[in-house]
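S.K.: With the UniProt record's numbering applied, the sequence shown covers 1 to 831.
Don't read these hints as lab results, they were simulated from the structure. One or more hints might be untrue.
Estimated spans, in silico, between C-beta atoms of each pair [unchecked claim]:
#, residue 1, residue 2, range
1, Phe-482, Glu-129, 57 to 65 Å
2, Arg-260, Leu-513, 19 to 27 Å
3, Phe-827, Ala-506, 55 to 63 Å
4, Glu-510, Pro-155, 29 to 37 Å
5, Thr-474, Thr-356, 36 to 44 Å
6, Arg-796, Thr-677, 22 to 30 Å
DSSO-like cross-link-like pairs, simulated, lysine-lysine; straight-line CA separation at most 30 Å [as the list claims (entries may be wrong)]:
#, residue 1, residue 2
7, Lys-457, Lys-467
8, Lys-682, Lys-802
9, Lys-609, Lys-215
10, Lys-609, Lys-720
11, Lys-268, Lys-281
12, Lys-281, Lys-720
13, Lys-350, Lys-734
14, Lys-609, Lys-457
15, Lys-593, Lys-514
16, Lys-734, Lys-720
17, Lys-11, Lys-406
18, Lys-215, Lys-281
19, Lys-281, Lys-406
20, Lys-281, Lys-11
21, Lys-11, Lys-514
22, Lys-281, Lys-350
23, Lys-467, Lys-268
In this text, all values refer to a predicted model and were calculated from it rather than measured experimentally. The beta-carbon is built from N, C-alpha and C at its ideal position, and this holds for glycine as well.
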Amino acid sequence: MVELLAPAGSKEAFIAAVEAGADAVYLAGSHFGARAYADNFDEETMRWAVRFAHLRGVRVHVTVNTIVSDAELPAVAAYLRFLYDAGVDAVLVQDLGVAALAREIVPRLPLHASTQMTIHNLAGVQAMERLGFTRVVLSRELSLAEIRYIAAHTPLEIEAFVHGALCVCYSGQCLMSSMIGGRSGNRGRCAQPCRLPYTLVDAGGEDVLGASAGKYLLSPKDMNTLEILPELLATGIASLKIEGRMKRPEYVATVVHTYRQALDRCMKQQGSNYQALPEEKEWLAQIFNRDFTTAYLERRPGRAMMSDRRPNNRGLLIGRVVRFARESRLVSLRLSGRLAVGDQIDVWVKVGGRVTATIEELRDETGRSVTEATPGMTVSFPLSAPVHEHDRVFKVYDGALMQRAKSFYTHGAPLRRIPVDVRVTAAVGEPLRLAMTDEDGHHSSAATSFIGVAAQKRPLTETVIRKQVERLGTSVFALRDFHVQITGDVMVPMSEINEARRQAVASLEEARLKTFARPPLATSSMQQPQQAAKHATYRCSELVVSVDTLEKARAAYEAGADGVLFGGDSYQHRQIAGSEYEAVWELAEAQRKNLYFNTPRIVRECHLKEMLELFDVFREIPPDELYVQNIGTLEIAQTRTEIPLHTDASLIAYNHETLAFLAAHGVVSATLSPELTWQQVKHLAATAPLPLECIVHGPLELMVSEYCALGSFLGDCGEKACSMPCVKGRYFLKDRKDVLFPLVTDQFCHMHVLNSRPLSMLPHAAAFGPAGIARIRIEGKSMAAEEIAQTVAAYRSVLAMKEQEREDQAERIARLEGENITRGHYFRGVE
């Protein structure tokens with residue numbers, strides 16, 4: 001049975017999800033959830049939600065899917081213990097340290113790997129299996145074929161998103177909100193800068209798209225898989241996930257109800273002759289849409305996936321303006337959809353944007369007042385602002401649909417009831433006995449305290465008893481089958497029968513809840529996580545530069561770099577050949593300098609062969625360390641190479657628990673998250689179980705995306721083979737404040753969005769070594785060789801200075817680093 005998994009960001013949305021037919025609901029508590037701006041659930045409401053759901057056979061999954069600092073770990077531990085005690089069915093996590101903590105203190109609590117863990121290949125899923133996870137939420141960038149392959153080769157449950165908003169970037173890899181405004185998506189506080197307007201400009205600052213595209217170049221359409229449910233089910237996934245914890249309850253009710261109806265029909269027909277019904281498609285479009293896409297499930301869609309003209313709800317197209325009378329301010333439109341009094345519309349005006357109106361009165365072609373109009377009719381109504389003939393009209397609020405949606409969470413009695421069979425026996429000299437059995441086989445029984453007596457006037461009848469028994473009121477049960485056995489003319493007071501019914505209902509509820517019960521935590525599980533012993537301090541950190549060409553590697557070494565990190569994602573839109581790794585290895589040997597090889601951040605199944613071929617090359621030219629960017633590559637590297645492994649910043653290390661986890665799993669060194677402050681860096685370094693690296697210079701990568709704005713809008717990607725404009729010039733996204741974000745593409749056609757200002761910790765470079773940071777890194781892949789040489793020389797100069805000399809040379813150091821730089825989060829931090 002495939003699970004339909006619904007979101008809930010409030011109590012009302014939770015009720016709506018359950019009553020509309022969800023098999024499971026995912027939600028967050030007051031802390032540590034990836035939607036911090038939803039209402040979310042405090043402890044009391046969480047316990048209520050678990051009981052409410054479990055009585056109805058619905059599971060509750062709680063998101064603990066943010067990265068957490070050391071200062072927050074005790075609170076996370078307490079929260080995990082609370083969730084276990086409250087009876088939640090699973091927790092979703094992003095942070096490897098939180099996962100390790102959960103395995104230690106609540107080992108019986110099922111762990112689900114959040115999509116924030118960026119698991120996008122079978123190796124990543126296998127790593128989760130080895131770490132004790134029971135389910136993985138795959139990256140939304142995968143195709144149906146990839147999902148099918150992964151699901152067929154793992155015993156873990158596979159969960160995939162099927163409806164709702166899409167991130168343009170791989171989830172868990174986005175720093176855009178964090179670096180622009182200090183609100184970290186990895187900590188549940190994404191400000192959604194992807195929904196803001198951007199202009200695509202070339203190196204000369206010229207808008208290269210003009211009117212041929214909208215300005216919302218990072219805003220995807222909403223996912224909608226209603227029409228491909230059979231194909232989704234054929235992949236073997238265990239759970240269909242609806243996105244929307246920030247959405248209102250009416251949205252949750254409508255989407256869940258629609259998918260429940262369609263999914264049941266699809267499974268009943270086993271996919272044969274399944275079709276989404278017109279009204280189902282209309283419900284989904286009406287409740288909220290940015291237009292719809294199946295994302296990457298069927299193909300790489302390019303521009304067709306983007307809602308570049310409008311980043312918010314577009315509503316449902318219901319007609320076009322046929323005339324507008326300026327004197328009377330009456331607009332007439334020919335309807336292609338339904339319209340009623342109480343609905344709200346947007347007229348998309350050719351010049352002047354949008355005109356919004358709530359329909360307060362409606363007239364047909366004869367001038368007769370109507371409350372509702374159907375497709376094909378021409379209707380008129382007052383409109384305050386002028387519009388034009390042929391302007392499109394969208395219904396953005398449907399009063400009838402909203403009322404139906406509200407009923408799912410405002411109805412007094414439960415809508416989703418559990419059928420029960422009731423057996424009653426009554427006899428003189430015996431208590432009346434009542435037994436209940438629900439559809440899942442749970443049993444309960446109760447008896448009256450009153451002993452039946454011979455009736456003087458009105459003996460009990462089947463009709464009388466049934467009338468009392470079927471008064472199940474606000475309970476979750478509904479009478480299905482009723483059988484009564486009455487011996488003789490017996491009398492039992494109605495109040496006694498009612499009490500027996502209440503007792504049986506309460507007992508049956510407890511029986512249902514017991515199926516979800518788990519044993520109490522053992523005392524040993526209550527221990528606080530232990531910190532590792534102090535590792536080391538360094539007089540001076542090793543200075544490393546990341547590069548993607550031999551020329552840049554030579555420039556870095558000759559300027560004084562201690563080491564080079566070579567390869568991985570090429571910012572030159574080309575595959576880095578094994579011969580290039582060999583050439584850089586020979587250069588490092590000749591220079592007697594350190595050399596580290598990198599791996600790509602994203603390695604889909606279709607690209608795995610290239611990486612494994614490079615691993616074969618690396619056996620002959622082993623670097624000092626191999627950098628891995630994701631949990632899947634770590635899993636592969638541990639079995640395919642003996643090279644010491646280093647985890648890069650994309651495999652987020654934000655706390656001691658994560659560092660301890662990495663060290664325990666064979667990692668020899670790690671790059672810390674660029675979202676840490678300087679104080680947090682020093683705190684982690686003081687007791688780190690392995691050597692640490694910090695990124696100190698260069699434009700940080702804000703996004704990595706399967707979607708490429710260049711290929712989609714300039715290269716016709718998705719319609720035909722991309723013309724590769726990325727190799728013909730440099731391009732930028734320009735925001736509303738005229739800030740430029742460089743765009744680069746790698747060998748797999750992933751788009752990488754870089755920060756507008758390069759990070760620079762040049763004046764503070766010498767502080768890293770004494771603080772316990774073994775290695776500092778300059779991000780040089782987006783730099784020219786000459787710039788790399790200048791930057792390395794500047795850092796080499798500062799690192800060679802004594803403290804007083806650095807103070808005396810402060811102005812010179814400031815000139816070396818330039819003006820348009822940022823200190824990142826070292827002295828700012830994130831929410």
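S.K.: Are the Cα positions of Lys-268 and Lys-281 separated by 30 Å at most?
M.R.: holds, 20 Å
S.K.: Range first: 29 to 37 Å. Now tell me if the beta carbons of Glu-510 and Pro-155 are that far apart.
M.R.: holds, 33 Å
S.K.: Between Lys-467 and Lys-268, is the straight-line Cα distance small enough, at 30 Å or below?
M.R.: violated, 35 Å
S.K.: Would the pair Lys-11 and Lys-406 pass a check requiring their Cα atoms to be no farther apart than 30 Å?
M.R.: holds, 13 Å
S.K.: Is the hinted pair Lys-11 and Lys-514 satisfied, with a Cα-Cα distance of at most 30 Å?
M.R.: Given pair Lys-11, Lys-514 holds - Cα atoms ~23 Å apart, limit 30 Å.
S.K.: Are Lys-734 and Lys-720 close enough, with their CA atoms no more than 30 Å apart?
M.R.: holds, 27 Å
S.K.: Do the alpha carbons of Lys-281 and Lys-11 lie within 30 Å of each other, as the hint requires?
M.R.: The given pair, whose Cα atoms are some 27 Å apart, holds under the 30 Å limit.
S.K.: Sort out whether Lys-802 lies within 30 Å of Lys-682, counting only the CA atoms.
M.R.: Distance of about 21 Å is within 30 Å: holds.
S.K.: Quick one: are Thr-474 and Thr-356 within 36 to 44 Å, going by C-beta?
M.R.: Cβ of Thr-474 to Cβ of Thr-356: about 40 Å, so the range 36 to 44 Å holds.
S.K.: If I claimed the Cβ atoms of Phe-827 and Ala-506 lie 55 to 63 Å apart, would that claim hold in this structure?
M.R.: holds, 59 Å
S.K.: Are the Cα positions of Lys-215 and Lys-281 separated by 30 Å at most?
M.R.: holds, 27 Å
S.K.: Below or equal to 30 Å on CA atoms is what counts here, so check Lys-350 against Lys-734.
M.R.: holds, 25 Å
The structure does not agree with the numbered hints 1, 9, 14, 15 and 23 stated previously, though it agrees with the rest.
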